[in-house]
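**Student:** Chains as they are written, first to last, in my numbering: chain Y, 1 to 560; chain S, 1 to 560.
Keep in mind that the hints are not guaranteed to be accurate.
One copy or two, either will do: identical chains are not told apart, so a pair holds if it fits within one copy or between any two.
Said to hold, decoys possible - Below are the PhoX-like pairs computed for lysine-lysine, each with C-alpha atoms no more than 25 angstroms apart in a straight line: (1) K505 <-> K300; (2) K300 <-> K190; (3) K300 <-> K163; (4) K391 <-> K374; (5) K303 <-> K15; (6) K513 <-> K9.
Derived from the structure by calculation, the hints contain no laboratory data.
Number of protein chains: 2
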Amino acid sequence: MTELSPLQKARLKFKPVLPATLAAGITNLSLIEGNATESVADQEQIQKLFPNTYGKPMVTFEGTASTTTFETKNVGVILSGGQAPGGHNVVAGIYDALKQANPENKLYGFLGGPAGIIDGKYIELTDEIIDAYRNTGGFDIIGSGRTKLETEEQFQSSWENCKKLNITGIVIIGGDDSNTNAAMLAEWFKSKNAGIQVIGCPKTIDGDLKNSQIEISFGFDTATKTYSELVGNIQRDVNSAKKYWHFIKLMGRSATHVGLEVALQTQPNITLISEEVEQKSMSLSQIVDYMADIIVKRSKLGKNFGVALIPEGLIEFVPEMKAMIQNLNDLMPTLEEDPNFTQLTSGVEKEAVIEKRLKAENAAVFRSLPAMIKAQLLMDRDPHGNVQVSKIETEKLLIEMLKIKLYQMKQEGVYTGKFSDQSHFFGYEGRCAFPSNFDSNYCYALGYNAFALIQFGLTGYLSSVRDLTKAPQDWIAGGVPLTMMMNMERRHGQMKPVIQKALVKLDGPVFKKLEANREKWALEDHYVFPGAIQYFGPSEVADITTQTLKLEHEASLSLV
Amino acid sequence: MTELSPLQKARLKFKPVLPATLAAGITNLSLIEGNATESVADQEQIQKLFPNTYGKPMVTFEGTASTTTFETKNVGVILSGGQAPGGHNVVAGIYDALKQANPENKLYGFLGGPAGIIDGKYIELTDEIIDAYRNTGGFDIIGSGRTKLETEEQFQSSWENCKKLNITGIVIIGGDDSNTNAAMLAEWFKSKNAGIQVIGCPKTIDGDLKNSQIEISFGFDTATKTYSELVGNIQRDVNSAKKYWHFIKLMGRSATHVGLEVALQTQPNITLISEEVEQKSMSLSQIVDYMADIIVKRSKLGKNFGVALIPEGLIEFVPEMKAMIQNLNDLMPTLEEDPNFTQLTSGVEKEAVIEKRLKAENAAVFRSLPAMIKAQLLMDRDPHGNVQVSKIETEKLLIEMLKIKLYQMKQEGVYTGKFSDQSHFFGYEGRCAFPSNFDSNYCYALGYNAFALIQFGLTGYLSSVRDLTKAPQDWIAGGVPLTMMMNMERRHGQMKPVIQKALVKLDGPVFKKLEANREKWALEDHYVFPGAIQYFGPSEVADITTQTLKLEHEASLSLV
């Protein structure tokens with residue numbers, strides 16, 4: 001018997017609030033079709049690749065007095081990629097809608113991510129299972145995985161496995177890549193007249209699956225609240241002890257939405273935004289100069305302490321680092337077949353050879369790195385021999401470079417402060433938190449709505465719940481054709497149809513708010529302490545959502 | 001204008017519940033004296049060192065119908081050492097009691113820890129200041145510091161500064177060392193007939209200031225809940241992704257109460273307890289063998305994932321490491337004056353010299369360490385040339401040693417699993433969290449009670465609030481003579497009177513619970529997910545306290 005924490009027991013009883021239209025019940029919905037849609041770019045190519053699913057209309061649901069009865073329908077659900085708080089509620093939403101539509105309907109959970117549908121590994125979800133996972137974090141109900149569902153063979157075996165279970169609807173809960181694959185699978189099934197519909201659900205704590213149709217992916221709200229709790233607690237510590245600079249790296253490699261949201265919630269002294277670094281073509285030493293400048297200015301105010309937020313993906317956005325790493329990836333396979341190199345026993349000697357063989361500008365960048373980071377670049381390489389950028393401790397790299405910079409400034413007499421550092425990396429801490437009330441409601445609605453889309457015969461759609469700054473009752477439920485969000489991008493040397501990843505817009509309202517405040521936050525102390533996520537208590541505490549959503553909503557209103 | 005988070009606004013309004021006796025009001029208390037007390041050990045020496053404050057009775061408060069009026073009284077308060085959630089409520093409790101007793105009374109906050117009273121740096125606390133800090137984390141209301149208040153000169157200047165402000169009562173909020181110093185200061189003032197009373201308050205997240213009179217120090221409840229939230233979230237992630245072993249180091253150098261409490265709240269696969277390692281004289285390689293055994297067994301069950309908790313102070317409890325570090329501390333000053341050593345440019349050459357100069361058994365231990373740790377031992381040394389044990393990344397040391405061990409086991413064919421690691425260190429994340437309802441109430445009562453002790457003329461006492469497993473209304477408020485908790489211990493080569501530090505008792509009920517369950521938790525998965533601290537909602541969620549307190553309370557009942 002599993003032991004449950006008091007909070008888990010209490011959360012199992014929480015009843016998510018559905019949008020009023022969906023709350024009418026799965027048998028009392030009508031589908032409103034909008035105009036035909038187009039992809040965001042490359043319309044001709046996307047249409048050619050998705051002849052059966054392209055150009056479909058946006059749809060929304062409305063409640064209706066007349067009751068529809070439906071044939072039985074079995075559905076399979078897949079959790080894909082990294083965990084995000086609320087995944088279990090998506091599954092619960094699908095389950096409740098499906099059983100409401102017809103108690104004979106069955107929901108199968110494919111195990112361990114997309115591999116489950118390919119290999120035919122599944123469980124049938126029951127009341128007992130679903131009830132044990134309502135409003136809890138994690139993807140452990142059926143597990144997740146990173147297998148990409150994209151080849152003809154995989155589609156074929158998925159079809160076989162669906163046929164065995166009489167599954168005619170699949171819900172794929174995932175990020176931009178998984179939803180791209182959902183679109184391809186939907187098209188493929190349609191081209192084969194397989195009679196299997198595919199619906200996607202927008203998941204990722206990174207917040208980069210977002211566009212004019214998707215206000216936010218699920219999990220972002222809970223994850224950023226969890227990181228903000230920790231950053232706020234550390235700021236309170238910093239402001240009490242007044243002796244450390246804390247460097248906090250936050251998860252999110254391809255975009256800095258997480259870092260930006262956490263910055264707005266906590267107001268630290270320094271926030272680095274990868275997208276800005278790239279746009280300004282900043283070098284590592286320019287980043288270090290920017291940080292050192294704030295450290296020195298604060299020191300002159302008697303404040304040898306502070307907090308800096310660093311995005312996980314930073315160095316991939318620094319042009320000179322990107323070029324150097326690419327050069328290194330090209331160079332290393334050759335070197336590793338060269339006995340003159342492999343016979344060298346000391347790291348220093350190997351590094352000397354590498355420096356000689358890199359292009360001059362890349363060698364200069366390599367030379368400028370602290371010893372610890374050079375070693376990480378050479379040691380932690382993936383099976384293809386590539387540098388594992390995610391393993392590079394960017395926060396420590398910056399600290400090491402700052403120490404050198406501050407030492408120089410001390411020699412020059414422009415800095416007389418004390419610099420003591422602490423570093424942190426927050427990522428896993430937030431991916432499986434109990435979903436906030438917002439994510440609990442949002443995910444349940446996404447799941448319920450996903451089944452409604454299936455029930456109404458749609459395929460190649462993303463489950464869409466909008467107007468999220470309003471109360472859940474007033475949210476709008478419907479569907480967006482997946483192809484509408486696609487364009488062509490180069491991936492591994494080939495042009496492929498993909499859902500556009502949303503980077504932080506430097507002319508957007510969220511970054512603008514940071515930009516307008518960061519000088520003030522750098523020198524004065526405007527720390528905000530959000531504290532732990534609350535699931536109970538005053539609504540203004542327990543039900544607020546992110547500043548990102550709020551600011552983007554306000555901006556969209558002013559555009560109308 | 002400072003921006004407040006929604007939770008902070010809500011928490012400012014929270015009204016702590018006082019024990020019923022204190023709730024009668026500061027003017028309606030009577031003091032009940034118990035029997036005279038003795039120190040826990042070394043009675044003769046302690047009595048000799050504390051002639052004026054030794055042997056005083058335990059005291060408790062009762063409510064009374066008759067109203068007492070008091071002369072005006074000014075008090076100074078000091079926050080000493082590392083932050084612990086609830087410190088602001090102690091200050092608020094003192095303030096409210098003091099103003100209730102007489103609105104003319106003044107509360108001064110000495111700034112930046114004990115240095116504030118020595119240097120005469122202070123602020124007068126007002127309604128406006130206090131109201132901005134009620135039920136918040138951190139020590140930022142007046143700051144904290146680590147200056148030790150122990151010399152004659154320091155006492156003398158403290159006296160001068162108190163005289164200037166007409167302060168006749170001091171409350172020192174701190175850990176075992178700070179309370180030892182409070183006892184010395186109380187004795188010193190008494191010996192000078194200074195007319196200044198000193199009261200201590202038991203603070204530390206480490207939970208090692210605890211004895212038959214103190215059930216728990218404040219902050220332990222909130223800090224362990226914060227760490228348990230994070231460990232639980234990571235466990236849910238581990239159990240969803242099923243691909244990583246997470247090694248989590250938890251703050252607490254001198255005792256493992258934090259690690260033990262977090263283990264009971266979350267039930268991870270591996271929990272190391274420093275006190276057990278010391279008692280069993282375990283070597284580092286024995287610890288690694290113990291961990292590797294569990295990793296291999298889980299791998300055979302198809303589980304290449306897990307969570308291990310590691311106490312921050314671990315290596316100081318490993319006898320061979322302790323001896324080696326001592327040897328290194330003795331050796332390095334000599335080496336650093338030897339040009340033959342200092343002229344060496346490579347770390348490898350230096351390490352070779354060190355190995356030769358260490359005693360044979362210590363050299364063997366040094367040799368067995370991963371390169372990264374050897375470098376940390378030699379680089380991060382304090383101003384006295386000593387190894388900074390707190391900077392050694394024990395979690396990474398164990399991971400490196402495990403990788404080697406598992407590689408060997410793979411070569412021997414006894415292990416065929418995959419080992420991917422993640423490491424974390426949680427400490428600063430929990431020291432300044434918003435205090436839990438328990439810590440909010442407990443701290444407010446400790447502060448209120450501290451002023452009551454002053455008002456009744458006591459000095460050299462610790463503010464004591466007991467029966468903490470009951471509802472706050474039923475808590476017993478009173479005082480314990482500080483000397484009662486003291487014994488003689490060797491510190492820096494000299495015997496000194498100190499308050500005994502409480503280590504984890506291996507025959508105590510808390511460790512026994514871990515011991516009874518850890519084999520099961522190691523191989524089966526019994527993860528518990530506590531989630532974020534809740535301040536609102538069902539009482540069984542928002543008001544529960546630690547398992548440590550509960551189990552020790554139950555054990556104390558069975559002893560009666």
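**Student:** Decide, hint by hint, whether the structure agrees.
**Tutor:** Hints, verified against the model:
Taking identical chains as interchangeable, the C-alpha atoms of K505 and K300 are never at most 25 angstroms apart, the minima being 34 angstroms within one chain and 48 angstroms between chains. Taking the shortest Cα distances, K300 and K190 never come within 25 angstroms of each other, neither inside one copy (67 angstroms) nor across copies (43 angstroms). For the identical chains of this complex, K300 and K163 are neighbours neither inside a copy (71 angstroms) nor across copies (34 angstroms), given an alpha-carbon limit of 25 angstroms. In this homomeric assembly, K391 and K374 come within 25 angstroms of each other (Cα to Cα) both inside a single copy, at 12 angstroms, and across copies, at 22 angstroms.
Neither within a single protomer nor between protomers do K303 and K15 lie at most 25 angstroms apart by alpha-carbon distance, with minima of 47 angstroms and 34 angstroms respectively. Only between protomers do K513 and K9 lie at most 25 angstroms apart by alpha-carbon distance; the minimum there is 22 angstroms, versus 39 angstroms within a single protomer.
Comparing the model with each earlier hint shows violations of hints 1, 2, 3, 5; every other hint is respected.
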